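Trainee: Knowing the structure of chain A, use the given hints to seat chains B and C with the ligands on it.
Protein chains in written order, with the working numbering: chain A, 1 to 321; chain B, 1 to 270; chain C, 1 to 289.
There may be inaccurate statements among the hints.
Stated by the list, open to error - Result set (DSS-like, lysine-lysine): computed pairs, CA atoms no more than 30 Å apart in a straight line:
#1 123/C x 147/C
#2 133/B x 158/C
#3 158/C x 111/C
#4 192/B x 123/C
#5 129/B x 122/A
#6 122/C x 192/B
#7 2/C x 111/C
#8 195/C x 122/C
#9 15/B x 136/A
#10 204/C x 248/C
#11 265/A x 293/A
#12 133/B x 208/C
#13 133/B x 122/C
#14 111/C x 123/C
#15 208/C x 123/C
#16 2/C x 69/C
#17 133/B x 204/C
#18 158/C x 69/C
#19 129/B x 248/C
#20 204/C x 2/C
#21 123/C x 129/B
#22 123/C x 133/B
#23 69/C x 195/C
#24 61/A x 15/A
#25 195/C x 133/B
#26 142/A x 15/B
#27 195/C x 123/C
#28 69/C x 122/C
#29 61/A x 218/A
#30 129/B x 195/C
Simulated from the structure, these hints should not be mistaken for laboratory data. Nothing here was measured: the structure is a model prediction, and the numbers come from that model.
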Amino acid sequence: MTSAITTSRLSKSYKKGVRRQQVAALANLDIEVQQGEVFGFIGSNGAGKSTTIKILMGLIKPTDGQAWLFGQQASAPAARARVGYLSEHPHFYDFLTPVELLRLLGAMRQMPQQDIRQQTEKLLGLVSLSEAADRKIRGFSKGMVQRLGIAAALLDDPDLLILDEPMSGLDPLGRHLVATIIRDLQQQGKTIFFSTHIIPDIETLCDRVGILVRGQQKYVGSIQEALYPAGNRFEITVRMPEQWRPEQGILAPHHLLWHKESLYKFEIAETDISSIAQGVIASNGSIVTLEPKRRSLEELFLDLSGHSEPTTERTLASPAP
Amino acid sequence: MALHPTFMIGYYTFKGGLRDRLVQSLLLTGLFFLLSTLVFSSFSMRQPLEVAINYSLATVQILTILVTLFLGLNLLSREIESRAGYLVMGQPISRTVYLLGKFCGLCLLSLLVVSFLGLCAAGGLLLVKLGLKDTPAIAWGNFFVAHIGIWMISLLLGAVTLLFTALATSAVLPFLMTIGVWFIGQSTQAVKNYLEAGLGEQQMPRFLNWLVTGSFYCFPNLSLFDFKTYAIYGLALPPLAVGYAMAYGTIYTMILLVLATTLFQHRDMT
Amino acid sequence: MKRLLLGLGLAGLLAWLIALHSNLGGKTMAPLRFPTYPPALALEMMALGNKELASTLIFYNAQFYFGEKYAWRKEEPEYQRLFAGLDKATDLDPRNMDCYYFAQGLFSDIKPAIPVLNRLLKKGLESRPTDWYLPFFLSANYYFQLKDPVTAAHYLQKAAALNPDNALFASLSARMLYQGNQTEAAVLYLRAFIKETNNPSVQKLLLKRLYALEAIHYLEQAVATFTTQHNRPPRTLAELIHAGIIKKIPADPYGGTFEFDATGRVVTTSKLAEAWKDHDKRDHNQQAQ
Ligand SMILES: Nc1ncnc2c1ncn2[C@@H]1O[C@H](COP(=O)(O)OP(=O)(O)OP(=O)(O)O)[C@@H](O)[C@H]1O
Ligand SMILES: [Mg+2]
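Just chain A, same shape as in the assembly:
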């Protein structure tokens, strides 16, 4: 079986300004996404995610290297026949209505009229745009445009979905919806390649991730391995009696992360878990949560890019505690 996406030493440098200064946006990217896989593509702002995706969609030409979709050169129009695409900033003909837009896209993909009509109804319902189906896109909110973009990408029941930040601009319901859609599609055996900044999405949806740092591919593989390296530390939250003080007892040598009323959260090593659990129970306390300490992606990036000092630039959103 051919892979859904293959790239080989894919590189892109933009020429900028009057002096044609070269900006290396992407260097020697090698990824392979198998059919049926959900692949998360992560990286800080300006890392080169959208550049990669545009190359895959034939919108820009790589300066070096090659890309294939289902074994076909990405630059050939026919390669896009089985692909649904959502761009980073979806921008549609704003003089059309969603129904007209989907009809245009369907016609360009040579879909039968019947299918177009059925899919339009189904998909607009799915992204909750049925009410706005006959309103001009000009008046749509950002989230509505994003939803419409998702519907447009799904129109022809593609085997491969390439989504550039599908969650951006969506409300929590919308995010949940997209997550559900991605899971459903995975169930149906479709391949999904998406870029994102949102960590929970990556953890819950992706089979594998690729991490880009300033155009360099730093990691490809399971997200679990990336975020929870072996021998990692744990975070324990305990509820203790009122007179209890953290300076006393078994927890004293451990790092207190925060405390609120009778709740205390400590960072501990894996090897200390059992002794601490006993100690807490002995002091009439109870364990509320115990979870592996997750590296924030920020830390991960810093690790991967070999910098220890934090950059001023805002990178990926940290996970919610």
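Mentor: Coordinates of chains B and C with the ligands only, in the frame set by chain A:
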């Protein structure tokens, strides 16, 4: 009914043009101008009907070209600049199909505009004629051919916009450059005639002569499509002139399309 | 309410200003000058393929300028600039009949302008070979102004051939060639010309000329009667009244009085020939002083 994607894009471009506010208001302005033919022609001493035809044809010409220029700006250059084209280019169609589809839509739109304005002009002329005694008959055949000429000019300029759009990354630049081509294209013939008549040989440096001859071959010669004089004065229309203009316009437009699609192939859509 | 009062007050003030304007009698107006147009090539380039419209617009400008200058402000029009404008307009569209007609109406009585006027008309004749007006105008100019009856007859024949149904040519050529009464022919020609015009200020100009011609014709007939009665021409016009041939000498529409010139012909005091001068040069001289 499965239309070729080219025509689908053309059809939706057409639709977009019809819904363009600017175009709508230009058409309304045209209607107003054509009604004013009645007033304008009344100031003529000897040839009110000729002046009426003259005025309405000039109105049709200027407005059709303006509408084409603005449509080119809004439907071609703006679309590519605003990334709305990603939507279409993300589909399994080639960029050539995309550009040709856009051009088809533009052709259709300018045909609609020129027919609409032409019909209004004809109505205005009939009104003018009603108020006059002993006027010569209007040469409707020539009037029609004059409109074809105007349409040809707008097609050519549409193709010029397409070419500049394929090259430039800003939306306004192709628009301005097309206006430049329009200005030059309308005057190359006049300037060449002037030089050839030897009127200005003394003052003209040699390189200017070359420049004019060069631009005569490079820029479209838009005066070829000007059949207004025949329509205004009801002169016999030489078939050779019409045939030549049509052949010239078609070939020139096709060359522009080939160039535009070739350049567009190699362009980054950023 | 306050706003309403303010609005009403301002409207009243404006009405007062407008009323004042007509009392000032044009003292608030800028001087009216006819523009010097750029060369025809530049005009053609600016017209963006609408030469004919540009030509019509120049003609309209000339027409409106003349109306305001001559009929309304009662100032002397800048004839040379007007001619230059019409010349450029007919370079742009050599078929623009309005220009030829207007030029003939304006310049055919200004003797120094006749050579350029005839050149203009011949340009028209080349582009409008079937239009009888142009040879008709040329014939009148050759006959009345250049005193060249042979060329005049040639053009008149051309005009007659183009418009065989018009009886005007027969009576005109009869008077021009056989009876040799210039004034009568001139009256005929002018009547035919006036009949065609719809421009009030041109009509005004031509009617003035016609009245003068008719008065001259009237006086000439009286002179002829006097000459047959007394076997000598009268020495002054007053003699005609004393002899009882006419009741009174008609008024000269140009404001002066009719008189005999050196050859004994009745002439008006019209200063039209002096109006053909270079306004630009005159302005220049005034500035230099
Ligand atoms: N058209 C362009 N011209 C010049 N440089 C560009 C262009 N597009 C992108 N770049 C540069 O290429 C690099 C990668 O940009 P890209 O848009 O691929 O980042 P990204 O990973 O999608 O970021 P984000 O998370 O903000 O969407 C950036 O440094 C950017 O400045
Ligand atoms: Mg991006």
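Trainee: Holds or violated: residue 133/B with residue 208/C, Cα cutoff 30 Å?
Mentor: It holds: about 28 Å lies between the C-alpha atoms, which stays within 30 Å.
Trainee: Check the hint pairing residue 195/C with residue 133/B against an upper bound of 30 Å on the C-alpha distance.
Mentor: Holds: residue 195/C and residue 133/B sit about 15 Å apart, inside 30 Å.
Trainee: Are residue 129/B and residue 122/A close enough, with their CA atoms no more than 30 Å apart?
Mentor: Given pair residue 129/B, residue 122/A is violated - Cα atoms ~59 Å apart, limit 30 Å.
Trainee: Below or equal to 30 Å on CA atoms is what counts here, so check residue 69/C against residue 122/C.
Mentor: 28 Å, holds
Trainee: Please work out if residue 133/B and residue 204/C have their alpha carbons no farther apart than 30 Å.
Mentor: OK: residue 133/B and residue 204/C at ~24 Å, within 30 Å.
Trainee: Next pair to validate is residue 158/C with residue 69/C; report whether the Cα-Cα distance is within 30 Å.
Mentor: Violated, at roughly 36 Å.
Trainee: When you check the alpha-carbon spacing of residue 195/C and residue 122/C, does it fall within 30 Å?
Mentor: 23 Å, holds
Trainee: Just to be careful, I want the Cα atoms of residue 129/B and residue 248/C compared with a cutoff of 30 Å; is the pair within it?
Mentor: 49 Å, violated
Trainee: Run the distance test for residue 204/C versus residue 248/C: straight-line Cα separation, threshold 30 Å.
Mentor: Roughly 25 Å separates the two Cα atoms, so the pair holds.
Trainee: Compare the distance between the alpha carbons of residue 158/C and residue 111/C with 30 Å, and conclude whether the hinted pair is satisfied.
Mentor: 23 Å, holds
Trainee: Quickly compare the C-alpha distance for residue 123/C and residue 147/C to 30 Å and report which way the hint goes.
Mentor: Holds. Residue 123/C to residue 147/C sits at ~22 Å (cutoff 30 Å).
Trainee: Are the Cα positions of residue 123/C and residue 133/B separated by 30 Å at most?
Mentor: Between residue 123/C and residue 133/B the Cα gap is close to 28 Å, so the pair holds against 30 Å.
Checked against the numbered hints given earlier, this structure breaks hints 5, 7, 16, 18, 19 and 20; the rest are met.
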